[in-house]
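Residue numbers (full-length UniProt numbering), protein chains in the order written: chain A, 1 to 1009; chain B, 1 to 1009.
Simulated from the structure, these hints should not be mistaken for laboratory data.
Don't take every hint at face value.
[As the list claims (entries may be wrong)] Taking lysine to aspartate or glutamate pairs in the EDC-like style, the calculated list, with each CA pair at most 16 Å apart, reads: (1) LYS356/A / GLU366/A; (2) LYS826/B / GLU366/A; (3) LYS578/A / ASP523/B.
On a predicted model such as this, the values are computed, not experimentally measured, just so you know.
2 protein chains.
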Amino acid sequence: RLRYILNEDDDMPTPTLFTEMDTLQREGDELEWKESARWVKFEEKVEEGGERWSKPHVSTLSLHSLFELRTCLQTGTVLLDLDGYSLPQIVGEMFRQIEEGMISPDLREKISFVLLRKHRHQTKKPIHRSLADIGKSSSASECLCYLSDSVTTRSMNDIADSPSTDQLKNKFMKKIPRDAEASNVLIGEVDFLNKPFVAFVRLAQATTLGGLTEVPVPTRFLFVLLGPQGKAKSYNEIGRAIATLMVDDLFSDVAYKARDREDLIAGIDEFLDEVIVLPPGEWDPKIRIEPPKKVTSADKRKSVFSLNELGQMNGTAGGGGGLAEDEEMPVQHELGEELAFTGRFCGGLYRDIKRKLPWLPSDFYEGFHIQTISAVLFIYLGCITNAITFGGLLGDATDNYQGVMESFLGTALAGSVFCLFGGQPLIILSSTGPILIFEKLLFDFSKNNNIDYMELRLWIGIHSCLQCFILVATDASYIIKYMTRFTEEGFSSLISFIFISDAIKKMVGSFKYYPINTDFKPDYVTAYKCECLANQSEVLESSTLQSSFLNVTALDWSQLSKKECLKYGGSLVGRSCKYVPDLALMSFILFFGTYSMTITLKKFKFSRYFPTKVRKKLISDFSIFMSIMTFVGLDMLIGLKTPKLIVPTEFKPTRPDRGWIVMPFGKNPWWVYLASFVPALLVTILIFMDQQISAVIVNRKENKLKKGCGYHLDLFWVGILMAACSFMGLPWYVAATVISIAHIDSLKMESESSAPGEQPQFLGVREQRLTGILVFVLTGVSIFLAPILKFIPMPVLYGVFLYMGVASLSGIQFWDRIKLYMMPSKHQPDFSYLRHVPLRRVHLFTFIQILCLTVLWILKSTFLAIIFPVMILGLMVVRKMLDMVFSQHDLAWLDDLLPEKEKKKKEDDKKKGKDKDKDKKKSKGDDSEEEVGSFIEALLPPAGLVLYSMHLYLPVGPLSDECRVCVFAFRRSITLTPTTRQVQSPTWTAGTVSSNCTSPTKTWSTPVW
Amino acid sequence: RLRYILNEDDDMPTPTLFTEMDTLQREGDELEWKESARWVKFEEKVEEGGERWSKPHVSTLSLHSLFELRTCLQTGTVLLDLDGYSLPQIVGEMFRQIEEGMISPDLREKISFVLLRKHRHQTKKPIHRSLADIGKSSSASECLCYLSDSVTTRSMNDIADSPSTDQLKNKFMKKIPRDAEASNVLIGEVDFLNKPFVAFVRLAQATTLGGLTEVPVPTRFLFVLLGPQGKAKSYNEIGRAIATLMVDDLFSDVAYKARDREDLIAGIDEFLDEVIVLPPGEWDPKIRIEPPKKVTSADKRKSVFSLNELGQMNGTAGGGGGLAEDEEMPVQHELGEELAFTGRFCGGLYRDIKRKLPWLPSDFYEGFHIQTISAVLFIYLGCITNAITFGGLLGDATDNYQGVMESFLGTALAGSVFCLFGGQPLIILSSTGPILIFEKLLFDFSKNNNIDYMELRLWIGIHSCLQCFILVATDASYIIKYMTRFTEEGFSSLISFIFISDAIKKMVGSFKYYPINTDFKPDYVTAYKCECLANQSEVLESSTLQSSFLNVTALDWSQLSKKECLKYGGSLVGRSCKYVPDLALMSFILFFGTYSMTITLKKFKFSRYFPTKVRKKLISDFSIFMSIMTFVGLDMLIGLKTPKLIVPTEFKPTRPDRGWIVMPFGKNPWWVYLASFVPALLVTILIFMDQQISAVIVNRKENKLKKGCGYHLDLFWVGILMAACSFMGLPWYVAATVISIAHIDSLKMESESSAPGEQPQFLGVREQRLTGILVFVLTGVSIFLAPILKFIPMPVLYGVFLYMGVASLSGIQFWDRIKLYMMPSKHQPDFSYLRHVPLRRVHLFTFIQILCLTVLWILKSTFLAIIFPVMILGLMVVRKMLDMVFSQHDLAWLDDLLPEKEKKKKEDDKKKGKDKDKDKKKSKGDDSEEEVGSFIEALLPPAGLVLYSMHLYLPVGPLSDECRVCVFAFRRSITLTPTTRQVQSPTWTAGTVSSNCTSPTKTWSTPVW
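So that you can see chain A by itself, here it is in the shape it has in the complex:
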């Protein structure tokens, strides 16, 4: 029956209903309707005593009241599609349609009178009343004389024809959707009835009925329940029941489309069947249940309409076993067409441009928002700190060929160009560790071999740029679809750890730089001094003619500063020479203060203080800025000479003997130009991996980006910038993971919650190019901002660094899983993967990740750091091998499936159809050979430029029942023909064979794939 009504004209959506429940009250000797609760989606109750609205909560009903309501609708008056334009007319019409003889004319008049009493709505009382109320409170409601026959002597109609100004300017209006209609529930006890009078009215046209509703929303439904005295509570519950039904998506549909009483009853029955029941002994009905984060949408509820298949309850003991879980499998890692291999020359690049171009205008106008300012300030400070840090380090590494000045200029140039034209303008370019190490090695090499560094570097840049173009042209970026959560998380947490450790190292460094004199005894202050003396021999010499010499020369020396003294060959003598007071501790206070204040302010978003706007938009978004300002202020207040941010103030290369343009020819022999192809290759891999993995992290599905990504376009511009920077002798730039994540975080949008009680939803990121461009333009003009920037102490910026590192760790599933180690299982949060994967498997997975990270960290700390991005390939190989350790089911929950697996899985599922046989795991073993092969192929550069010699130690998975856990090692060389991309002569040599295996079958000697 219901299916029929609801499907009748499903194209016309029904308006949202706002429900107001008014109860009949006596105020003095007047009867009036007083608003007692309202529903947009959740219930808000008027708290009599508190004279306020309660918090929105889930309406908990009693089953009893629902059944009573059902009886009411069965026996009461139901009028559908009544014509009406005002309340008196509607009431009149109502009685006309009720059969004669049902209600006596006398009662009719009395009921009409009651129904037309004026309505008092719960609006916020003005503040100035509160003082006047002081005296009143004790004498309020003194006269409660009952009147029962004075009824007819009063005016019949108390209700205003048009909404009052109070109603019109009610701010609550903005919480109600624009197309909403009202349903009014009127509940009252009267003394002239001896059985309840019930009417359910649907108007043919929604009409604004004057002062009936709190807000000027046209009324569509009226539910009236008047009954004899003494059962107020019961009537109230019935009123709440119908009100809750009216705001139920499905029932309101039914109410709009019902043809008769029976349809409504069916609607209630349907509602009852879907209802969730809490046992009285396990739940205190007085608890107001907060609205849930998410509720099942009405559409979904409609789709499970058959009564037998009642929506799965939370507690269903997983009777059927596998099936129920398979249904709940997490949504798969979806890779859009961005990473499809086009097979055409520059196909990916073309698609990227085609995809991004239409968004270009919106990339600018969407940037005009207050949030932009905080994001720009935050990222700007991160960027210049980074620029100064790396600039300083690069200057040390390259003998100032590239210094802080070049770092600023390069950051500004590369960043703004990339944000203007790049595929993913949310990515922030920056110098990164591997590049720094490469430059250092390169500079040492050229110095030792008398090769001109700048020219060599230029050629490497040019080669690398060309190689990037080749990668772009061949759509090589498609390889990153093999990056699953495992790889991403490994990479990004490693980078975060590096940020954190760098920040802490810098901090610890300041304790070395400003050593504390821990032996200082305040009383013996007289014993501490530091004098500059001419060097020892002079002193000895002069000892004979002490008096005259000391008088003349000593004065001279004592005026010198520490640096000058050392410069002129003097020596510092005294117990305070090597100590610097206060600065180290002050730096620590600034560092830790900035960090913890930022963390605290960020958390402030979840506190209850201040209106939401202030909390979220101001305090939370500007938390970093506010912390920086606070601690800059503190630093200025105390006035200690803490190390400050010093930016170059003059626009000239750090090293005077170099210009702004590097000439490509002339200084090095010709073969160097060609040979630089080889180091360029390393740089290319480095850049490719660093750039693309950051892009993958930025483009994560969780970030809900809408404008698509542009891996090929990104790489294209990074290549161009490589060349450009090389020509200008500036550092090379590549996507910086942590700052990019910070950028995205600072641009996150949340929906303004609509219905009271509904949780704001994360809508996505403010995708635009403006913030990035502004950040880098600001970086460029920082040279002129030096007078302002010089007040910022470096420890404050290290604090910001620490925050960035820690913030980018949170929200990573890996991190959550690490925390699980420390929690007893009964306290663990209800992560969905914990419901589906045994804890020990989760721990094993986490442990493998930790192991990988430790290895990477150790490698990172050696000179191998230069091949750091290549190691990410290693992570991908490890991930591949995990396929053999973990079941696909477990991996689907903990990680994502690799593309082939996923495809296969889907096919399997199809094949399986309805027979529910769990044979997929069996078939997996057989297929693994070709899978691994195609995976290795996928890892290779598309046009096969390199000869790889790989050592793969693969735990080769389930091959036979007898020998399941054997771990084998294989070694092989893959020789590639550059043109065909075919793996030639796959000769594998079995390495060690685990002794567990009793019968190595033939499979072992022949190549596995």
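Dock chain B against chain A, hints included.
Relative to chain A, chain B alone:
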């Protein structure tokens, strides 16, 4: 019907039921019962994938399944009081009782076979399996061949006769009450049935049925549902429904006492009627609802048995208005017989001793608990810090007549005596501010007037002691029943603020004590030194014979320390003389670090990490100790000369010219012995108020103290200690609010949660005398602990002080209400008073409290601090006046009612009976006269020792309708006849009359009371 069964033999309580639900599964080609959920009170589900128990949650059922269950019980087999000793026998018996012809013998055999399959319980897998599982996981459950006719070929009985060791050593057992019985729910799909087979069995005697139940608990109920295939989910829901019913307090009663099927059906109907319903559109059934903090007890549910009066739902729009709220009025401030005025000599003291004596043994043996250690350490550190602080201050104030040594000795003596014999051993005695100020004034007075300070002090002590005895003998402590939450909160938050401000002042002081050289330039370290020079004149003199003089004398001077230099009249010259590096900042780090680490560790209790025991017992309870240790360690590591805790090491008076006993006669003229009566009076009031208000705070109802209090006994011992300390020349001691609260907090007990999911309840405080005694004994022997204590830096202890102050603020309703100012009303927490009192009234109440505190704070900062405790009387007067500003209803929620009011209210309520007229507020106005009168009387010392001249500015409440808010001021002198305790000649003079009042009636000129 139900009422009849339940009341039948209500004296025998039914055992708690543990319910286990097992579902039929195929494992390989075996059928077996697998545990899928269990209930002690809340549901725990087996998570198939996760191979673990879910968190306990409220069982959300579908209405459908409840109705299906009802049908099942109507149509299925119900066997009550079956005799059985083993499962096979029970199954056999079951079939014998089922009528012939209902089930064919063939089916009977098959069902028996199925019912006797073995049960697999969800027990935690041993850890060593996890590695072996690695390979297995991918090949698990490969063979799922269906068997259907192999049934009869197997052994009929798979089930063990006795519980297995797994069952016996199941740790879950301890979560189940000892007297519990089990109910087993068996749910399964089988292919040989075409209609469901349902059986509900109650055994005559609970019997352990071998491997049936997870834990070796005897089974009382069996519910079997076997049905045709395809409806597993539906069966499951029915199983969950009966399981939930079985653990419901009321239904389990019904199940135990049911005489037939109809009783069970009635039980379900009753359950259905009480059920709480969540609308499907507002709640996602997948959310697992966490168990609530409190659920309605079964008894309460029984009492509201009539169907019309369904328990009030959370959302009931307060239709009836006043009535509903009156019912919910908060439980009144209950004053036990402790404060009753006995009217007999020493009646109160006698009762106190009678009350406390029986607890004496338990006061000691209950102290043996691990928590004691942390409490002792915490309070000990608080006490010695306090002793040192006050000792130092007292030493300054009294020219070392009472110094740190006396402070230690006095604290140890007074504290241990009080804890041993006092009425409330949880109170910690300490020096307090007012006493300090009194001593200072007294010392100055005696010095200026050539009176011997120690002797005068002794006499004051003796007088004061006697006065205390009088107060004890006359039961004067009963006055404190006029102290409501308003007064308590005012006092305790003021003391907390003083603690906080003192801690911060100390900290700021260290910046003054160790000034930082903010102009220090690291490079110009050579310019900073501090030389000790002979004073200027000498230098000038010596300028002529510089060379020789400098060589000889300067060397001498330069070896001197700062103090020595100044001592010998030298002057310090140099830019570093007045600065002390690092110490101030280090102190700050230690101070703030200790404070924030303590706060963080305290909060750690609520985190998810580590097992509950570790978290609560170790980390949270020992948080202060751990923080202190950490920062002591840090301080030692860095090795700076931060100010350390120095306790006296030798047992001798601080001032060498005094001994340990003060002689009462000889040094002052005789009249001083008598005149000291007057200052003693002040001291008595001071001590009385300070002591008793702290006692009230400690004895608060929220602390759930069980051993009663002893106000009179407390005062008695304080009096004795006054005299004793005076004789020994030690400081005077009185209860210290903040440390006492800290003492109580550190001894709080929580119930070990019994049923999984049940919240641990606050049980009360570990009331004993041991901690107090240990603290003070330790304080006494601190003299010998000096070598250890000297490692503790003072800033760390100030951090502990700050923590104490802040911690004692939290949990005060006043503080919560202050926070409300900063919250927009929709974010405010759901405090019960906010539901019943308008926000602006709440704010007004808070504002008055803030105002009072401000006034007190200001007074406190002047010399008036000496009458500080008397001001508490002022607070009580203000509270009395609030009766005229706020309605009794509001005050009942925000504060407590004053004793008379309360009595009257109760009488009113009785008088009112059922007519529900709100006349009580009217009557209140008339009664207020006598009330105020009796209140004033109550404020006076019982035997009328003083002449008061009071200025009362009372807003005299509702007197007539025309003039409600008029504020009048009255001034009068009360002259008391010492014997009769009658207020003589109550002549009141009207002061200002507010101009609002139009017609001051006759009432004004005549005295109001």
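For each hint, the structure was consulted:
For the hint linking LYS356/A to GLU366/A, the alpha-carbon distance of about 15 Å falls within 16 Å, and the restraint holds. With a C-alpha separation of about 31 Å, the suggested pairing of LYS826/B with GLU366/A is violated against the 16 Å cut-off. Straight-line distance between C-alpha atoms of LYS578/A and ASP523/B comes to about 11 Å, which keeps the hinted pair within the 16 Å bound.
In this structure, the one hint that does not hold is number 2.
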